[in-house]
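J.: Kindly produce the complete structure, drawing on both the sequences and the hints.
Residues in the sequence shown are numbered from 7 upward in steps of one, following my numbering.
What the hints contain is simulated information worked out from the structure, not anything from laboratory work. Don't take each hint at face value.
As the list claims (entries may be wrong) - Straight-line alpha carbon distances no greater than 30 Å define the calculated DSS-like cross-link-like pairs of lysine-lysine that follow: (1) 95 to 180; (2) 45 to 26; (3) 166 to 91; (4) 166 to 26; (5) 175 to 95; (6) 91 to 46; (7) 95 to 166; (8) 95 to 45; (9) 46 to 95; (10) 91 to 180; (11) 46 to 26.
Computed from a predicted structure; not experimentally measured.
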Amino acid sequence: HWGATERNENGVFIGMNEPKSRLMTEMRDLGMDLASLEKKRQFGYVDATEVRRIPEQARVGRIPVGGKELGLANLIELMQEGIEKLSPKRIVLDSISDLVFRFPRIEERRPAILDIVEVLQSTGATCLLTSELLSTGENRRLQPEEYLAEGVIMLRIVRKGVRTIQISKMRGTKIDTAPRPFVIRDNGIEVLAREEVYA
Numbered sequence: 007h008w009g010a011t012e013r014n015e016n017g018v019f020i021g022m023n024e025p026k027s028r029l030m031t032e033m034r035d036l037g038m039d040l041a042s043l044e045k046k047r048q049f050g051y052v053d054a055t056e057v058r059r060i061p062e063q064a065r066v067g068r069i070p071v072g073g074k075e076l077g078l079a080n081l082i083e084l085m086q087e088g089i090e091k092l093s094p095k096r097i098v099l100d101s102i103s104d105l106v107f108r109f110p111r112i113e114e115r116r117p118a119i120l121d122i123v124e125v126l127q128s129t130g131a132t133c134l135l136t137s138e139l140l141s142t143g144e145n146r147r148l149q150p151e152e153y154l155a156e157g158v159i160m161l162r163i164v165r166k167g168v169r170t171i172q173i174s175k176m177r178g179t180k181i182d183t184a185p186r187p188f189v190i191r192d193n194g195i196e197v198l199a200r201e202e203v204y205a
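T.: Okay, structure coming up:
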C-alpha cells in the first residue's frame with residue numbers, strides 16, 4: 007500500500023488462502039483503500055485459492071496427472087499472468103504454507119519452491135512470501151524455503167498485545183537481528199525500532 011500511495015509503484019498480491027473480498031475488507035478496515043488503487047491499475051489481486059483445492063490425483067480429460075504438479079503449474083501460470091498485467095515493483099505471495107503441506111517431502115518441496123522463487127526473482131520486484139512457522143524458539147528447525155530466500159523476517163505475538171518482528175536473514179545488507187515491537191496503523195506496519203521486547 008505504501009509503495010503505491012507514496013511512491014507510485016504498482017503491487018500485486020497473490021492470494022492462496024484469502025479471497026479478494028476478504029483482503030479488501032480487512033485492508034479497508036485498517037485504512038488502506040486497495041480498491042481505489044486497483045481502479046488506478048496500481049494494485050492487482052491474483053486469485054490462486056483454487057490451486058490448493060486441486061486433488062492429489064487430478065485428470066486432464068481422461069488422462070490422470072499428478073495433482074501436486076498440476077497445482078504448481080497452475081499457480082506459476084496465474085502468477086505470471088498477474089505480474090505481466092502490472093509490472094509491479096512489489097509482489098506478495100500469501101501463503102506458501104499450502105505448498106509445504108502439498109509437498110511434505112523436502113526433495114519434492116525444494117524444487118517446487120525454487121520454481122516459484124525463480125519466477126518472482128525474474129521480475130526484479132521486491133517479493134514477499136509468507137509462511138507459517140512449523141516451530142519457534144531459539145532451537146527451532148529451519149524450513150527449507152528459508153535457505154532459498156534472500157531474507158527471512160519473522161512475526162510473532164510474544165504476549166497479549168505485543169507483536170514482534172525479527173529479521174534473521176537479509177542478504178547484501180547489515181541488519182538488526184534483535185526482535186522489535188511493531189504496531190499496525192492506518193498507514194501500515196510501524197516498527198518501533200528503538201524499543202526492546204521484554205518477555
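J.: The structure should be examined with respect to each hint, and the outcome stated for every one.
T.: These are the hints, each one checked on the structure:
1. Restraint check: the Cα-Cα separation between residue 95 and residue 180 comes to about 22 Å, which is no more than 30 Å; the hinted pair holds.
2. Under the criterion of a C-alpha separation no larger than 30 Å, the hint pairing residue 45 with residue 26 is consistent with the structure, at around 14 Å.
3. Straight-line distance between C-alpha atoms of residue 166 and residue 91 comes to about 41 Å, which puts the hinted pair past the 30 Å bound.
4. The hinted pair formed by residue 166 and residue 26 meets the criterion: a straight-line CA distance of about 29 Å does not exceed 30 Å.
5. Of the supplied pair hints, the one linking residue 175 and residue 95 holds, its CA atoms being roughly 21 Å apart against a limit of 30 Å.
6. A hinted pair counts as satisfied when its Cα atoms are at most 30 Å apart, and residue 91 with residue 46 qualifies at roughly 13 Å.
7. Using a Cα cut-off of 30 Å, the hinted pair residue 95 and residue 166 is violated, with the two alpha carbons roughly 35 Å apart.
8. Straight-line distance between C-alpha atoms of residue 95 and residue 45 comes to about 17 Å, which keeps the hinted pair within the 30 Å bound.
9. With a C-alpha separation of about 15 Å, the suggested pair residue 46 and residue 95 falls inside the 30 Å cut-off, and the hint holds.
10. Restraint check for residue 91 and residue 180: the C-alpha separation of about 34 Å exceeds 30 Å, so the hint is violated.
11. Restraint check for residue 46 and residue 26: satisfied, since their Cα atoms lie roughly 17 Å apart, inside the 30 Å limit.
Hint compliance for this structure: hints 3, 7, 10 are not met, and every other hint is.
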